[in-house]
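Spelled out, the chains give:
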Amino acid sequence: MLARRNPQLNGHGELIHLLSIEGLPRAVLTQILDTAGTFLSVNDRDVKKVPLLRGKSVFNLFFENSTRTRTTFEIAAKRLSADVINLDIAKSSASKGESLLDTIANLSAMHADMFVVRHSESGAPYLIARHCAPHVHVVNAGDGRHAHPTQGLLDMYTIRHYKKSFSNLTVAIVGDIVHSRVARSDIHALTTLGVPEIRAVGPKTLVPGDLREMGVRVCHDMREGVKDADVVIMLRLQNERMSGAMLPSAGEYFKSYGLTEEILALARPDAIVMHPGPINRGVEIDSRVADGSHSVILPQVTFGIAVRMAVMSILAGNDA
Amino acid sequence: MTNLLLDAEQLYAELRNGVGRLMTPDTILVGIWSGGAWLAQRLNADLKTDRPMGTISSTLHRDDFGERGLGAVEATTSLPFEIDDARILLIDDVIASGRTIRAVVNELFDYGRPASVELAVMVDRGGRELPVAPVFAAAKLTLPASQRLSLARGHDGRFTFAVKETT
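If you read the protein sequences in the order shown, they are chains A and B. The first sequence maps to residues 14 to 333 in the numbering used here. The second sequence maps to residues -14 to 152 in the numbering used here.
If we strip away everything but chain B, and leave its shape as in the complex, we get:
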């Protein structure tokens, strides 16, 4: 594991500012399990919206199910609001290939027909394999495909980034 100079707390502050600008009176935040769900939770509190937020999991729509199996069972979708005609802003920690977003959008549409779906992320690490683009990314960087970047949340609720070699 290498120590990358990514200050997750500073990136969070930028994400908060960016999301704050994107918010309309009827925007609902939906965090992608797990890192994005933590972010959306904190954003919803920090931005003092009085709206519900949701969490969403890609597990049931993943295109690599055959290789990976089911994965974490604690990853569940919870959308405690009306999806039909909702304006949804998806939140995730990292975007790379875009396959998670594809799966999550499918998952979302199992619950209804939102008016619009947008995406904001903390880090866009490139390597897109699908036509998916965030409307806001707090940082853009290029990482070798062998490195896995993931957000961690400490006991005090503070965020850190971890980079792991996958090979």
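Next comes chain A alone, as it looks inside the complex:
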């Protein structure tokens, strides 16, 4: 039987879709991070636009709402001179009963060159990548609980920017790991890039023991989890988790797993604090930490545009 090729790579091992960080070689991740560095400098120009995607149409297909991610993809595509079409599918065709593949076939007939897809079902971007024309590229902008690869990559860019290298780092990811596609993408990326210690920190309901199979150290105690960390990645506590039996209350959660100045003092003196946003002040992170000197939450947003420019231009330059 033929080994199944990674659907994200062409026969030369070049990236043609970005669906998940899992299974991508280190060289590809490093290429994206290096390229993002080039695009960061586009912000310093009088003309904050380069023509790499001129004449290409990028369709933002958001089957699930996300203003922030959609906006950063839109800015990235526009800085590359692409035409950007935003489709809020949650409110249109899908609600009229059109199937996902029919939607894609219709948009392909409008000469799309790239789909940026956010979907509540894990695997939806894979389905689209399998069925779209060979010249079309697909970027996963978050699918279900599965993956959010551009967030993972921008987190890696941020870590490399401040820490210069991935070796010898201790990275603590705190919060709702089990439901988080960001955490999953971060863990895969950190592992591939050679981070020796990755910790998953949170209550047993949100950080189950079987996460150890991903090679992470599971900590149910916040102090133990943050101690001597170089990087603390806080995850947003999704309000919908509160309604179930998973957590008692936001106040209780903050007492046990909120990042305060006192807890952060246990990390390394030069530790950085990251958060994919939007932040819930006083739920997972104290305002003094979010706005404090260790916080790199806003630089993450800036880096995110450069990383998305890098991903889209690399994809556009590679043929299936």
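If you are wondering where the hints come from, they were derived from the structure by calculation, not from laboratory data. None of these values were measured; they are calculated from a predicted model. For each residue, glycine too, the CB sits at the ideal point set by N, CA and C. Be a bit skeptical, because a hint or two may be false.
Heads up, incomplete: computed chain A residues facing chain B, CB under 10 angstroms, no partners named [said to hold, decoys possible]: (1) S54; (2) K62; (3) V63; (4) Y175; (5) A263.
What follows is a set of in silico ranges between Cβ atoms, one per label pair, in the way DEER data are often shown [claimed, not checked]: (6) B:R53 with A:Q251: 53 to 59 angstroms; (7) B:G142 with A:E275: 53 to 59 angstroms; (8) B:A30 with A:P38: 37 to 43 angstroms; (9) A:D57 with B:G142: 26 to 32 angstroms; (10) A:H144 with B:T34: 55 to 61 angstroms; (11) A:A146 with B:A100: 43 to 49 angstroms; (12) B:G142 with A:S133: 57 to 63 angstroms; (13) B:R36 with A:S133: 56 to 62 angstroms; (14) A:R230 with B:G142: 57 to 63 angstroms; (15) B:T151 with A:A146: 28 to 34 angstroms; (16) B:A100 with A:G136: 55 to 61 angstroms; (17) B:A100 with A:N56: 22 to 28 angstroms; (18) B:K125 with A:A146: 42 to 48 angstroms; (19) A:P38 with B:D48: 52 to 58 angstroms.
Add chain B to chain A, keeping to what the hints say.
Here is chain B on its own, set in the frame of chain A:
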């Protein structure tokens, strides 16, 4: 790979003389990545200008992006001076089709509006596809389209030319 009789160091000396004559008190050298950037660096030192120099990359404006993809990511533009009203002398190792120069001029104008832009090269190998001409070329020669000529810099900073068959 063939050994072409091109003494890069001798050509550099001629380029240095030629650029020296072109320099005005406000000329700024901008080297095209990668060979031209090495040349501009050494020229700026040898000609003892007290002005900053720049390096520029064609990567983001190339017309063959669709075929070549992004290419080398270490190729970045750095122009640490005011572009508006500057007199710029672009430096490159080799000019052929002129497409790199077209891309680089676009790149330059993303940063501002220079007063003038000129070009000096070590080798003009002909084969122009665009209306672009250097004001100085240390050597002019004709090479078959299948041969690629590129400058290399040794550990000691000395230049050599390499010719590669691309087919």
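These are the hints, each one checked on the structure:
1. S54: Interface hint status for A:S54: holds (6 angstroms vs cutoff 10 angstroms).
2. K62: holds (8 angstroms)
3. V63: holds (4 angstroms)
4. Y175: Violated, because the Cβ-Cβ distance from A:Y175 to chain B comes to roughly 20 angstroms (cut-off 10 angstroms).
5. A263: violated (43 angstroms)
6. B:R53 with A:Q251: 53 to 59 angstroms: Hint violated: Cβ distance 43 angstroms, outside 53 to 59 angstroms.
7. B:G142 with A:E275: 53 to 59 angstroms: holds (55 angstroms)
8. B:A30 with A:P38: 37 to 43 angstroms: The hint (37 to 43 angstroms, Cβ to Cβ) holds, given that B:A30 and A:P38 are roughly 40 angstroms apart.
9. A:D57 with B:G142: 26 to 32 angstroms: Hint holds: Cβ distance 30 angstroms, inside 26 to 32 angstroms.
10. A:H144 with B:T34: 55 to 61 angstroms: Since A:H144 and B:T34 have Cβ atoms about 59 angstroms apart, the given range 55 to 61 angstroms holds.
11. A:A146 with B:A100: 43 to 49 angstroms: Distance hint for A:A146, B:A100 holds at roughly 48 angstroms.
12. B:G142 with A:S133: 57 to 63 angstroms: Cβ of B:G142 to Cβ of A:S133: about 58 angstroms, so the range 57 to 63 angstroms holds.
13. B:R36 with A:S133: 56 to 62 angstroms: holds (57 angstroms)
14. A:R230 with B:G142: 57 to 63 angstroms: Distance hint for A:R230, B:G142 is violated at roughly 49 angstroms.
15. B:T151 with A:A146: 28 to 34 angstroms: For A:A146 against B:T151, whose Cβ atoms are near 31 angstroms apart, the range 28 to 34 angstroms holds.
16. B:A100 with A:G136: 55 to 61 angstroms: Check passed, 57 angstroms falls within 55 to 61 angstroms.
17. B:A100 with A:N56: 22 to 28 angstroms: Given a distance of about 25 angstroms, which is inside 22 to 28 angstroms, the answer is holds.
18. B:K125 with A:A146: 42 to 48 angstroms: The hint (42 to 48 angstroms, Cβ to Cβ) holds, given that B:K125 and A:A146 are roughly 47 angstroms apart.
19. A:P38 with B:D48: 52 to 58 angstroms: violated (30 angstroms)
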